[in-house]
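Visitor: Each chain is listed here by its residues.
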Amino acid sequence: MNLKDLLKKVGRKKAVTLIILFLICIGGVIFTENDYFLYDRTIAEVVSVSEELTSTSPALINSKEYQYTQRLTVEIKNGVHKGKFATVTNKYSSSLVTDEKYSKGDKLFVDVNGSGDKLKATCTGVKRDVYAVGVTMLFALTIVIVGGKKGALSLLSVTLNTLIFIAAIEFYHRGLDLFVLCLGAAFLFTATSLTIVSGVNKKTAAAVISALCGTAVTIAIAYTVLKLTNGRGVRFDQMQYLIKPYEEIFISELLVGGLGAIMDISITMSSSMSELIDRDNSITFAALRHSGREIGKDIMGTMTNVLLFTYVCGCIPLIILALRNNVTLTDVLNNYLDLEIVRAFVGGIGIVVTIPIAIFISTHMLKGTKKVSPQPKEGDA
Amino acid sequence: MEFILGTILLILMIAVGGIRGAKTFAAMYANIIILIVTVFLIACGVNAVAVTIIGCAVIGVVILFWINGVNIKTVTAFAAIATVLLLFAAVMLYIGSSSHIQGFADENTEEICWYSPDIGLDMRQVTLAMMLMGLIGAITDTAIAITSALFEVHENNPELSMSELFISGMNIGRDIIGTTTNTLLFAYIGEFMTLVIWFREYEYSLAEIINSKVFCQDFLQIVSSGAGCMTIIPIAALFMAYSLTHRKPPKDEESEETDDQENTETATVNDTAC
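Going line by line, the protein sequences match chains A and B.
In short: position in the first sequence from 1, add 10, done, that's this note's numbering.
In short: position in the second sequence from 1, add 11, done, that's this note's numbering.
These are calculated hints, taken from the structure and not from any lab test.
We put the beta carbon where it would ideally sit given N, CA and C, even for glycine.
Check each hint, because a few of them may be wrong.
Here are the in silico distance ranges between beta carbons for each label pair [to be verified]:
id, chain 1, residue 1, chain 2, residue 2, range
1, A, Leu166, B, Tyr213, 25 to 33 angstroms
2, A, Thr294, B, Ile30, 19 to 27 angstroms
3, B, Thr18, A, Asn344, 12 to 20 angstroms
4, A, Thr27, B, Tyr213, 35 to 43 angstroms
5, A, Lys237, B, Glu163, 40 to 48 angstroms
6, A, Thr27, B, Glu214, 38 to 46 angstroms
7, A, Asn291, B, Ser109, 52 to 60 angstroms
8, B, Ala218, A, Thr99, 23 to 31 angstroms
9, B, Ala218, A, Asp290, 55 to 63 angstroms
10, B, Ile47, A, Val190, 32 to 40 angstroms
11, B, Tyr213, A, Lys128, 31 to 39 angstroms
Bound conformation, chain A alone (with noise of 0.2 angstroms):
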């Protein structure tokens, strides 16, 4: 297909539209790349490396590991010193587990000391800004060009959740109760995300009440097993960044970590149960229930699996350096993974909960009313 072919297809108000969305992203990338300015701390760029093998160790399980001296030459990006070049020296081994091996280009944060024309600088960090800045646009550009219009809603959504959540931590930080601030922020949540996937209707009214039921059954659940065991068998101790009582915050994270799945769920259901509905009138709702069913048992795997994935992907590394410090399987599995395991599990439980009462919910408040049944209304729950 040639360009000309793509253009008519596509539509010139979308190319245009394509193209201002990625010469932003370009320029989003190349501002961050030289946002020196921005900055109080002293930036500098590695401009020359030359680096030699100081010793050689062994390490671990039969490996090597061997330690290097790096000589780097930056040139000093802001401030006072803004144009100078200063070298610094790092020391890396390795394995890289808590060091870095700088390369020519790299951006480092670096603190100058000595005057003159020989300066002498310590790096305190690494500029990652442009990272972090170019992946968003990758992913802005990703879900812009495949999803079209209603990438662009998905994009707003993430946006306007991440809000939320930054608001609910503020508030958390000023004193509030983080279990009912995140109670507040899953109506939230649910409520803007589900309307801006599918529209002001009662299609999205029952998924949002499946959701929030289903969301509120899961945590009744995770919190008797917690309460009723004492959280036995979990090393909560093992929580990353622990600060404050842990009990209370892991709660909270799992009520949020599963509230996706329990919306994808809820909205799935609800749009075929309506699906069926518009297409006969008459359906039971026996037939109803055994189709939501059929639907439910198709999605509930690979659900899951999304979940088990995405939590149990983080410890891999600590795994790795627990393992590789002789520590036995069972010890490194119970201290690091039970944690995440819970999370999925937890979430399973959300989303296979969700399958039965998003099926009740969605039938009883989109067949009408044939038969009288508790309708909820839209603004409750």
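The hints should help you fit chain B onto chain A, whose structure is shown.
Guide: Below, chain B without anything else, positioned relative to chain A:
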């Protein structure tokens, strides 16, 4: 605690899904075991990226072929997943090493202070392995959703051409974008919460957050998985449209095999076009 939760999950899955529910639960366990074996092999010193890609292939086999059976839908989904996974690996190999997100950040010091950092294993590869593992679940979900739906479309309208099928595949994909991004977003927010509370508690400035290793590790993973989930949509739609219009009806098994190979060839063409 996880034993009780696991039992509850199993009971619920059987109650809602019957035999398929039990199978789903077994697959979940199988995946956990594959994951542990993969991680264990990496720790034994086998090349991390190679092991992970093989591990992902086995996981794909379990989720697709064991749960949904071997047919044109699952074979095509598998080819699409393999393509996206390799593409993603190539991109993240570059981004991951040049953004210095391997290993552990200063914020993790407390967790790792017991261990020797001299482990004789390149942490950059481990980071890549982690990212690939995080992606596999999500792209499998999307790929199978698209290929199954397209299969139904083709069954009901067998005369549709390849480009018509592709367009309808894209439409199906667009419908699931919103929910897929939500599923991923909230799962990650759930994991991210402690870190964000930490940032707020210790008064990190925006500039400090965005440049910190610990933020970038999570952020790059989240956002790049999102991008990976978007890329699978056109690729799965294209592959499925191709295999549906190019299969020979009588010999189902064989044609799928060849389709699979042809697909991987067209994949490279498609990638450059994208």
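Visitor: Hint by hint, say whether it matches the structure.
Guide: Verification of the hints:
Distance hint check for Leu166(A) and Tyr213(B): the Cβ-Cβ separation is about 31 angstroms, which falls inside the suggested range of 25 to 33 angstroms. A beta carbon spacing of about 25 angstroms between Thr294(A) and Ile30(B) agrees with the range 19 to 27 angstroms that was offered as a hint. At roughly 18 angstroms, the beta carbons of Thr18(B) and Asn344(A) sit within the given window of 12 to 20 angstroms. The supplied range of 35 to 43 angstroms is met by Thr27(A) and Tyr213(B), whose beta-carbon atoms lie about 41 angstroms from each other.
A C-beta distance of roughly 45 angstroms is found between Lys237(A) and Glu163(B), which places it inside the suggested range of 40 to 48 angstroms. Taking 38 to 46 angstroms as the suggested C-beta distance range, the pair Thr27(A) and Glu214(B) conforms, at roughly 40 angstroms. Between Asn291(A) and Ser109(B) the CB atoms are about 59 angstroms apart, so this pair conforms to the stated range of 52 to 60 angstroms. The given range of 23 to 31 angstroms is respected by Ala218(B) and Thr99(A), whose C-beta atoms sit roughly 25 angstroms from each other.
The hint said 55 to 63 angstroms for the Cβ distance between Ala218(B) and Asp290(A), and at roughly 59 angstroms that hint holds. Distance hint for Ile47(B) and Val190(A): a CB-CB separation of about 37 angstroms, consistent with the stated range 32 to 40 angstroms. Our hint of 31 to 39 angstroms for Tyr213(B) and Lys128(A) holds, since their Cβ atoms are close to 36 angstroms apart.
In this structure, every one of the numbered hints holds.
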